[in-house]
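Q: Residue numbers (this note's numbering): 1 to 263.
Hint data in this document are derived by calculation from the structure and do not stem from the laboratory. Every residue, glycine too, gets a C-beta built ideally from N, C-alpha and C. One thing to keep in mind: the hints can contain errors.
Said to hold, decoys possible - Label-pair restraints from in silico Cβ distances:
| hint | residue 1 | residue 2 | range |
| --- | --- | --- | --- |
| 1 | G110 | D130 | 20 to 26 Å |
| 2 | T249 | K148 | 23 to 29 Å |
| 3 | D212 | A55 | 27 to 33 Å |
| 4 | Q75 | H229 | 43 to 49 Å |
| 5 | E51 | Q75 | 14 to 20 Å |
| 6 | H173 | D83 | 16 to 22 Å |
| 7 | G97 | D212 | 28 to 34 Å |
| 8 | N26 | R109 | 38 to 44 Å |
| 9 | T100 | A141 | 29 to 35 Å |
| 10 | K182 | E221 | 25 to 31 Å |
| 11 | A141 | G97 | 25 to 31 Å |
| 12 | R178 | Q241 | 20 to 26 Å |
Stated by the list, open to error - Each computed DSSO-like pair below joins lysine-lysine, with the alpha-carbon atoms no more than 27 Å apart:
| hint | residue 1 | residue 2 |
| --- | --- | --- |
| 13 | K182 | K79 |
| 14 | K92 | K171 |
| 15 | K87 | K39 |
| 16 | K44 | K171 |
| 17 | K182 | K171 |
| 18 | K182 | K92 |
| 19 | K120 | K144 |
| 20 | K102 | K79 |
| 21 | K182 | K227 |
| 22 | K102 | K44 |
| 23 | K232 | K148 |
| 24 | K144 | K228 |
| 25 | K171 | K39 |
| 26 | K228 | K114 |
| 27 | K120 | K148 |
| 28 | K228 | K148 |
| 29 | K171 | K37 |
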Amino acid sequence: MSLRIKIFLFLTCLIVPAVAAAAGLNLENLPESDIQKAKDLIVKLEPLIREREAAQTLATLTFDELYAPLSDADQQFMKSFADIDAKAAGVKIPFRGIATGKEELTVIRGQQIKIKGEDKELPPQYLPPDVYAKYEEMMAAMEKDLGKRLYVESGYRSSAYQLYLFVYYLKNHAFSIRETVKFITLPGYSEHGSVEHQAIDFINAEGINGEDNPPEFAALEEYAWLKKHAYKFGFTESYPQMPAGSGITYEPWHWRFEKLLEN
Numbered sequence: 001m002s003l004r005i006k007i008f009l010f011l012t013c014l015i016v017p018a019v020a021a022a023a024g025l026n027l028e029n030l031p032e033s034d035i036q037k038a039k040d041l042i043v044k045l046e047p048l049i050r051e052r053e054a055a056q057t058l059a060t061l062t063f064d065e066l067y068a069p070l071s072d073a074d075q076q077f078m079k080s081f082a083d084i085d086a087k088a089a090g091v092k093i094p095f096r097g098i099a100t101g102k103e104e105l106t107v108i109r110g111q112q113i114k115i116k117g118e119d120k121e122l123p124p125q126y127l128p129p130d131v132y133a134k135y136e137e138m139m140a141a142m143e144k145d146l147g148k149r150l151y152v153e154s155g156y157r158s159s160a161y162q163l164y165l166f167v168y169y170l171k172n173h174a175f176s177i178r179e180t181v182k183f184i185t186l187p188g189y190s191e192h193g194s195v196e197h198q199a200i201d202f203i204n205a206e207g208i209n210g211e212d213n214p215p216e217f218a219a220l221e222e223y224a225w226l227k228k229h230a231y232k233f234g235f236t237e238s239y240p241q242m243p244a245g246s247g248i249t250y251e252p253w254h255w256r257f258e259k260l261l262e263n
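Please build the complete structure, drawing on both the sequences and the hints.
A: Following this line, the structure appears as structure tokens:
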């Protein structure tokens, strides 16, 4: 055996395991060992998440803050979810970029709605200043026409928080990455974390948001108004009703801002 071949085989032995480790996660179903690691991550992060919830600043969580409570090994495992090949996992939406949690944002406070007849104040939400201005302009027009408005149930969300949510909600989908991405997308692919294509999840004054029953939101006159007028203010429906098998989940409450749509 030549020296060149020996060197090649030696390097192969080093490289192949590293590639396998990088590929790592089983997209169909995580093995029991990884399931336990994912559960452990959530437990270790719980104090941080509770602290940020109490401070109402979860939406602006940074990666440094997310990783701080974790060991080096836990950080690497957490990062492996951020490094998933989105296309291989079945993600059909475009990459939108990483939201750092440090962008300039307007804080929306004091939104009052009713849930099952009881008054509730929504947690503070965040939007880029230009998006917030157009949202308010659009709601003023809706109130003039209908005497009612929609509220921001979810606005900006950092990529670090998106990563946490993805790992957290794996348990709801039998720890299948391929199933989870149908409902909670990977960091970098969420319009909630894209100041250039910022998404808003709307909720009406009676607490109807459509997440458990999309047709309920789609039946609202507020939704019909959006379908007719939202484009005038730069907003478009991201996930309209599509034919079965399209891979797109219908979300009539989810609209994004696109500057090019403005008059």
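Q: Could you run down the list of hints and mark each one as holding or not?
A: Verification of the hints:
| no. | hint | in the structure |
| --- | --- | --- |
| 1 | G110 <-> D130: 20 to 26 Å | holds, 21 Å |
| 2 | T249 <-> K148: 23 to 29 Å | holds, 27 Å |
| 3 | D212 <-> A55: 27 to 33 Å | holds, 28 Å |
| 4 | Q75 <-> H229: 43 to 49 Å | holds, 46 Å |
| 5 | E51 <-> Q75: 14 to 20 Å | holds, 19 Å |
| 6 | H173 <-> D83: 16 to 22 Å | holds, 19 Å |
| 7 | G97 <-> D212: 28 to 34 Å | holds, 30 Å |
| 8 | N26 <-> R109: 38 to 44 Å | holds, 42 Å |
| 9 | T100 <-> A141: 29 to 35 Å | holds, 33 Å |
| 10 | K182 <-> E221: 25 to 31 Å | holds, 30 Å |
| 11 | A141 <-> G97: 25 to 31 Å | holds, 30 Å |
| 12 | R178 <-> Q241: 20 to 26 Å | holds, 23 Å |
| 13 | K182 <-> K79 | holds, 20 Å |
| 14 | K92 <-> K171 | holds, 22 Å |
| 15 | K87 <-> K39 | holds, 25 Å |
| 16 | K44 <-> K171 | holds, 16 Å |
| 17 | K182 <-> K171 | holds, 14 Å |
| 18 | K182 <-> K92 | holds, 9 Å |
| 19 | K120 <-> K144 | holds, 24 Å |
| 20 | K102 <-> K79 | holds, 20 Å |
| 21 | K182 <-> K227 | holds, 24 Å |
| 22 | K102 <-> K44 | holds, 24 Å |
| 23 | K232 <-> K148 | holds, 18 Å |
| 24 | K144 <-> K228 | holds, 15 Å |
| 25 | K171 <-> K39 | holds, 8 Å |
| 26 | K228 <-> K114 | holds, 26 Å |
| 27 | K120 <-> K148 | holds, 17 Å |
| 28 | K228 <-> K148 | holds, 16 Å |
| 29 | K171 <-> K37 | holds, 12 Å |
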